[in-house]
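Enquirer: Here are the chains, one letter per residue:
There are 2 protein chains.
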Amino acid sequence: MKENIITNLFSIKYPIIQAGMVWCSGWRLASAVSNAGGLGIIGSGSMRPNILKEHIQKCRKNTNHNFAVNLPLLFPYSSEHIDIIISEKVPIVFTSAGNPAIWTKKLQSNNVIVVHVISNLKFALKAIEAGVDALVCEGFEAGGHNGREETTTFCLIPLIKKSIGDIPLIAAGGISSGQSMLAAMVLGADGVQIGSRFVVSKESSAHMNFKNKILNSNDGDTVLTLKELTPVRMLKNKFYSRIEEAYLDNASKSDLKVLLGKGRAQKGMFLGDLSEGELEIGQVASMLNSIDSASDIIDEIIKEFNFEKKRLKQL
Amino acid sequence: MKENIITNLFSIKYPIIQAGMVWCSGWRLASAVSNAGGLGIIGSGSMRPNILKEHIQKCRKNTNHNFAVNLPLLFPYSSEHIDIIISEKVPIVFTSAGNPAIWTKKLQSNNVIVVHVISNLKFALKAIEAGVDALVCEGFEAGGHNGREETTTFCLIPLIKKSIGDIPLIAAGGISSGQSMLAAMVLGADGVQIGSRFVVSKESSAHMNFKNKILNSNDGDTVLTLKELTPVRMLKNKFYSRIEEAYLDNASKSDLKVLLGKGRAQKGMFLGDLSEGELEIGQVASMLNSIDSASDIIDEIIKEFNFEKKRLKQL
Numbered sequence: 000m001k002e003n004i005i006t007n008l009f010s011i012k013y014p015i016i017q018a019g020m021v022w023c024s025g026w027r028l029a030s031a032v033s034n035a036g037g038l039g040i041i042g043s044g045s046m047r048p049n050i051l052k053e054h055i056q057k058c059r060k061n062t063n064h065n066f067a068v069n070l071p072l073l074f075p076y077s078s079e080h081i082d083i084i085i086s087e088k089v090p091i092v093f094t095s096a097g098n099p100a101i102w103t104k105k106l107q108s109n110n111v112i113v114v115h116v117i118s119n120l121k122f123a124l125k126a127i128e129a130g131v132d133a134l135v136c137e138g139f140e141a142g143g144h145n146g147r148e149e150t151t152t153f154c155l156i157p158l159i160k161k162s163i164g165d166i167p168l169i170a171a172g173g174i175s176s177g178q179s180m181l182a183a184m185v186l187g188a189d190g191v192q193i194g195s196r197f198v199v200s201k202e203s204s205a206h207m208n209f210k211n212k213i214l215n216s217n218d219g220d221t222v223l224t225l226k227e228l229t230p231v232r233m234l235k236n237k238f239y240s241r242i243e244e245a246y247l248d249n250a251s252k253s254d255l256k257v258l259l260g261k262g263r264a265q266k267g268m269f270l271g272d273l274s275e276g277e278l279e280i281g282q283v284a285s286m287l288n289s290i291d292s293a294s295d296i297i298d299e300i301i302k303e304f305n306f307e308k309k310r311l312k313q314l
Numbered sequence: 000m001k002e003n004i005i006t007n008l009f010s011i012k013y014p015i016i017q018a019g020m021v022w023c024s025g026w027r028l029a030s031a032v033s034n035a036g037g038l039g040i041i042g043s044g045s046m047r048p049n050i051l052k053e054h055i056q057k058c059r060k061n062t063n064h065n066f067a068v069n070l071p072l073l074f075p076y077s078s079e080h081i082d083i084i085i086s087e088k089v090p091i092v093f094t095s096a097g098n099p100a101i102w103t104k105k106l107q108s109n110n111v112i113v114v115h116v117i118s119n120l121k122f123a124l125k126a127i128e129a130g131v132d133a134l135v136c137e138g139f140e141a142g143g144h145n146g147r148e149e150t151t152t153f154c155l156i157p158l159i160k161k162s163i164g165d166i167p168l169i170a171a172g173g174i175s176s177g178q179s180m181l182a183a184m185v186l187g188a189d190g191v192q193i194g195s196r197f198v199v200s201k202e203s204s205a206h207m208n209f210k211n212k213i214l215n216s217n218d219g220d221t222v223l224t225l226k227e228l229t230p231v232r233m234l235k236n237k238f239y240s241r242i243e244e245a246y247l248d249n250a251s252k253s254d255l256k257v258l259l260g261k262g263r264a265q266k267g268m269f270l271g272d273l274s275e276g277e278l279e280i281g282q283v284a285s286m287l288n289s290i291d292s293a294s295d296i297i298d299e300i301i302k303e304f305n306f307e308k309k310r311l312k313q314l
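As given, the protein sequences belong to chains A and B, one line each in that order.
Numbering of the first sequence is given in numbering that gives the first Met the number 0, commencing with residue 0 and proceeding in unit increments.
Numbering of the second sequence is given in numbering that gives the first Met the number 0, commencing with residue 0 and proceeding in unit increments.
Isolated chain A, as found in the complex (with noise of 0.2 Å):
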């Protein structure tokens, strides 16, 4: 693969970078990703600022290359995360459901390469306006929260690209292999954002039983629900059935809020339970079926790119 505008803006060999994700993408994961090649990024939306800060300076030890790490901007202790990446000097912060206008500039004034999430056009647009250096545009089928508008990753990268023209663009959700990520940057992405598959990774933090669940799904098993909360795909189990039964109650929003409570997604996906958790996951769960290492991942899937790109000149 040759070095292109993502790679350059993050010092980093291929264009793969592996979503920050709630439980399960620590130092751990994200040291790894970085030193195969990747961009690893420490997904702050599950951490206490004081474990935040041990699970950066940990990272720092185990690579030496760029890492990042993933701030929901709406999380309670976003401002405590942001003065914490200032002073452990985190090269890159990938900025998501929020108001990238608060803090890019603070972020970029500090030497912060900012990233923002979006999932349409309207805050494609906003981001440039707080003048972020790159955009990260998740589709539909990726797995945690997600957009309210439902548009899919054909349809949203192709739209977004023709739309903004040359900002660094990364294409995220429905991707999980070397063949995806070929047909993410035909769609005019320059580089990709896989989740679901470094979930059922090695050195992922997710619960065993988490990542065997995922393993053995099949297509049609998530759901996109809670969109009066904020929206999210997850695997359908035990819980997911009573917020279904809670719709066809026609519950309120704070009958739905009550349901969700507190701590699902450490219960499901770092803890194990399988009935009671909210699995967050993506649609490509369908497609995965071993657990290997960041490593061997990140090799797998250059090479099925490369041998796609050789299949294609027989078009």
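Source of the hints: derived by calculation from the structure; they are not laboratory data.
Among the hints, a few may not be true.
No distinction is drawn between identical chains; accordingly, a pair holds when it is met within one copy or between any pair of copies.
As the list claims (entries may be wrong) - Straight-line Cα separation of at most 20 Å, EDC-like style, residue types lysine to aspartate or glutamate; simulated pairs:
(1) Lys308 / Glu2
(2) Lys12 / Glu299
(3) Lys210 / Asp272
(4) Lys104 / Glu87
(5) Lys160 / Asp220
(6) Lys121 / Asp220
(7) Lys161 / Asp132
(8) Lys309 / Glu2
(9) Lys125 / Asp220
(10) Lys160 / Glu303
(11) Lys52 / Glu87
(12) Lys226 / Glu244
(13) Lys312 / Glu79
(14) Lys226 / Glu243
(15) Lys226 / Asp248
(16) Lys161 / Glu299
(17) Lys261 / Glu275
(18) Lys308 / Glu227
(19) Lys105 / Asp295
(20) Lys161 / Asp220
(21) Lys160 / Glu299
(22) Lys161 / Glu303
(23) Lys237 / Asp272
We have chain A already, so just place chain B on it with the hints.
Expert: Frame of chain A; chain B shown alone:
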């Protein structure tokens, strides 16, 4: 473009299939697409038997190339339509929305090539068992009637390809350009089915009001709704607001049926009532900005396809 398993199966120049669409794709569009090197399809779902017969005969008069008829198997006239398809010696049928086991053998024993539209792996396996000659794999982003699992083109195509292997595979949903055509083929498709882009073609029988509404639409303007009846993707309008209200009022399935009533697709798409009609279109509507002839559309797609293939070498 080189010939492949799809161009050989249908005896066409390019693996581009124009989707059979109610109220939009009669003989005029189908023959124009077939004359331009693709496969035109007459959408029989909005036609009574005598009208279908007329469209088949006119299509044949206007092209020497192969064309097809799309047949929703649950349609009230499907049995009469099949008799007409056989007696008129239509060479190819695309079946959807129903059990392919019922008609596939009869059609094939009358020298009709049978293609079946699926939206998940389970239905793909059923179609293979029924002996169909090819599959259309339709993603969540596609317009009109659609699957319940909400699996997107980006996730559906590689899954079906990996699980089923060498049956000719046509991707549908989110495809409107040579770029998206190439991306679909990277994901494992042998050809593409394009709907929305042909709805706004010169030869489409869609009402000009509907065409203009599509050209002015943005991302997020379509929605997959009425999942309790037959899921359908359409543009949001006054009629959709009433569906939303009905959901908020906890409408039953029969309430929704009453609200839908009869003739809404005709009203919106054919008669141009943008408020009360059902305006079926895909997410890719937001990418469309001109009304071109079918021949110009296909030429442009092929040009873009070849341009993208060259660009890929630089990745």
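Enquirer: Of the hints given before, which are not true for this structure?
Expert: Of the numbered hints given earlier, those the structure breaks are 13, 18, 19, listed in rising order.
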